[in-house]
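Peer 1: Here's the letter readout for the chains.
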Amino acid sequence: MIEAVGLHKSFGDTHALAGLDLDVAEGTILGVLGPNGAGKTTAVRVLTTLTRPDAGHATVAGIDVLRHPSEVRAKIGVAGQYAALDELLTGRENLRMVGRLYRVSTSDVRQRADELLERFELSDAADRTVKTYSGGMRRRLDLGAALMAQPPVIFLDEPTTGLDPKGRLSMWDLIAGLARSGTTVLMTTQYLEEADQLADDIVVIDHGRVIARGSADDLKRQVGGERLEITISDAPWLDLARTVLEALGEGPARVHEEERRVSVAVASHDGVLTRAIRELDAAGVHVDDIGFRRPTLDEVFLSLTGRGVVEPAEVEA
Amino acid sequence: MTGFVWWLRDSWEMVKRNLIHIRRTPELLLDVTLSPIMFVLLFSFVFGGAINVGSEGGEEASYINFLMAGIFVQTVAFAGIYTGVLLANDLQKGMIDRFRSLPMSQSAVLTGRTVTDLMRATLAVAIMWIVGMLVGFRPEGGLVGNFAAVGIMLLFGFALSWVGVAMGALVRTPEALQGIMFAVVFPLTFVSSAFVPTETMPNWMRIFAENQPMTHVVNAVRDLTLGTDLYAAELPSVIWSVAFLAAFFPLGLWLYRRRTTQ
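Just so you know, the protein sequences line up as chains A and B, in that order. No gaps in the numbering here: position 232 of the first sequence is 232 in the working numbering, and each next residue is one more. No gaps in the numbering here: position 78 of the second sequence is 78 in the working numbering, and each next residue is one more.
One chain only, chain A, in its complex shape (with noise of 0.2 Å):
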């Protein structure tokens, strides 16, 4: 449905797309994940007929982004980082204008909006302006409005940045919902979670290149299987704790100083654990915490790129 082949584009002197290829399946989410600057917005702003590309080819539902852009439009929706909606307009107005401007005949933009905002859990504050509404009112409407025409494609760019755990669980629901009823989603995201929830695929891009793709768990394999991990209570026993472990796992220990953890790779569970406890125990170190963990998409960008995805901290009420 989404289909994108050696896409170009810089600003200046910074490369924000540099040989991009992108594929989404019919009725399946993508995430794209990158950290600030990898070119996730870019991507979307070019399949979304927004910015044009210096090099390379789109097309989306089949038709060419370059070079038929006003049929696009009325293939997709569009659910940006930051809302787009009219401040000064209700909630139901920007759905009808917005509906109108897809034209959408008017029988059917009224209906629509107000199944929308029903669904979307903004019946009581429908005839509010904008101006009112909280950050996670405003991306719930924002993508009612990319709805409203009820686009087989949908482009949301970072949906849930900015927003409480709250904000993001509901607009997770929804996006969920999305896929299920067939549409196709491309979604980016700066946070590994979502996209571990939400996406069938990921491709992870940085420097405006996809730099690994497959499914979450395809990528936690890359990094290496299961591990087990400890906590221990004081730092002095570091050592101590890594010689065990290495002793019981495979590979080298993980050290990690701060957080007084040590974790290592094993082939299977069978004993492992009872194991490690009694070895810890007779060696003499405290432990507060100890489990088998599978890697988190956050260890796969740190091994992929070597740095980690810087977290924002922000949350807006």
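Worth flagging that the hints you see were computed from the coordinates, not collected in a lab. Here a beta-carbon is modelled for each residue, glycine too, at the ideal position from N, C-alpha and C. Worth double-checking, as some hints may not be accurate.
Reference listing, derived: stretches of chain B covered by chain A, where coverage requires no fewer than 3 residues with Cβ under 8 Å from a Cβ of chain A [as the list claims (entries may be wrong)]:
| id | region |
| --- | --- |
| 1 | 15-21 |
| 2 | 239-252 |
Pulled from the structure, derived: some chain B residues nowhere near chain A, Cβ distances all over 12 Å [to be verified]:
| id | residue |
| --- | --- |
| 3 | W12 |
| 4 | G49 |
| 5 | S62 |
| 6 | G94 |
| 7 | L118 |
| 8 | M119 |
| 9 | G136 |
| 10 | L170 |
| 11 | E210 |
| 12 | L255 |
| 13 | T260 |
| 14 | T261 |
Given the coordinates of chain A, work out where chain B should sit on it, guided by the hints.
Peer 2: Showing chain B alone in chain A's frame:
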């Protein structure tokens, strides 16, 4: 439906949006209500007694009759350029990205804007006309003359709206444009026949004043409202407005496209 009908519908949709903005923030109308009233009152009472605008049948001609054409044109000129401030405001907000991602006629955003501002200018003219009549303005141009005068000034305002669109698409902030607007429009109105006859200006300034578009439009409006035909300025004033439109309609559209497609 044809592209033209869609363009009309989309433009009307944009006009409706702008009218809702005005209804929810009435202070957006201050520049076309309060300011023109103040100008009419200040100029007629403060300068009225001191400025001699020639004689008419042995009596001294009334300054308010002379002044109104100047105030009308100055107000529609400001309202026209102000389109750019409102557009620059819109460009700073996310809503333009939404419009750009919709299958709508893209120029409708601009025509909706300029048509709304034409409505604002019409309101301003109506208010000034009434206030002017209250303080002694006596338009004797007859129905046809007066309507033609209103048509000529609104055409000029609409043409300047597209100059505003081009400027609004160029500047980074609405505030910057507001500064430029005052620096350009004020000198143009003062170095024209808007408030005083050009005869008393120094020669070099007079040559400029008598040949710039503002003077032509002011003279045309003055002739038509007063039923005099001193300048025969109607044709040049319309030519100026049409020339502005022909140049700045495509330029504004092009600059807007360039600004919103990075």
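Peer 1: Against each hint, give a clear statement of whether it holds in the structure.
Peer 2: Now for the hints, and whether the structure bears them out:
{"no.": "1", "hint": "15-21", "verdict": "holds (count 4)"}
{"no.": "2", "hint": "239-252", "verdict": "violated (count 0)"}
{"no.": "3", "hint": "W12", "verdict": "violated, 10 Å"}
{"no.": "4", "hint": "G49", "verdict": "holds, 45 Å"}
{"no.": "5", "hint": "S62", "verdict": "holds, 43 Å"}
{"no.": "6", "hint": "G94", "verdict": "violated, 4 Å"}
{"no.": "7", "hint": "L118", "verdict": "holds, 21 Å"}
{"no.": "8", "hint": "M119", "verdict": "holds, 17 Å"}
{"no.": "9", "hint": "G136", "verdict": "holds, 40 Å"}
{"no.": "10", "hint": "L170", "verdict": "holds, 19 Å"}
{"no.": "11", "hint": "E210", "verdict": "holds, 44 Å"}
{"no.": "12", "hint": "L255", "verdict": "holds, 16 Å"}
{"no.": "13", "hint": "T260", "verdict": "violated, 8 Å"}
{"no.": "14", "hint": "T261", "verdict": "violated, 6 Å"}
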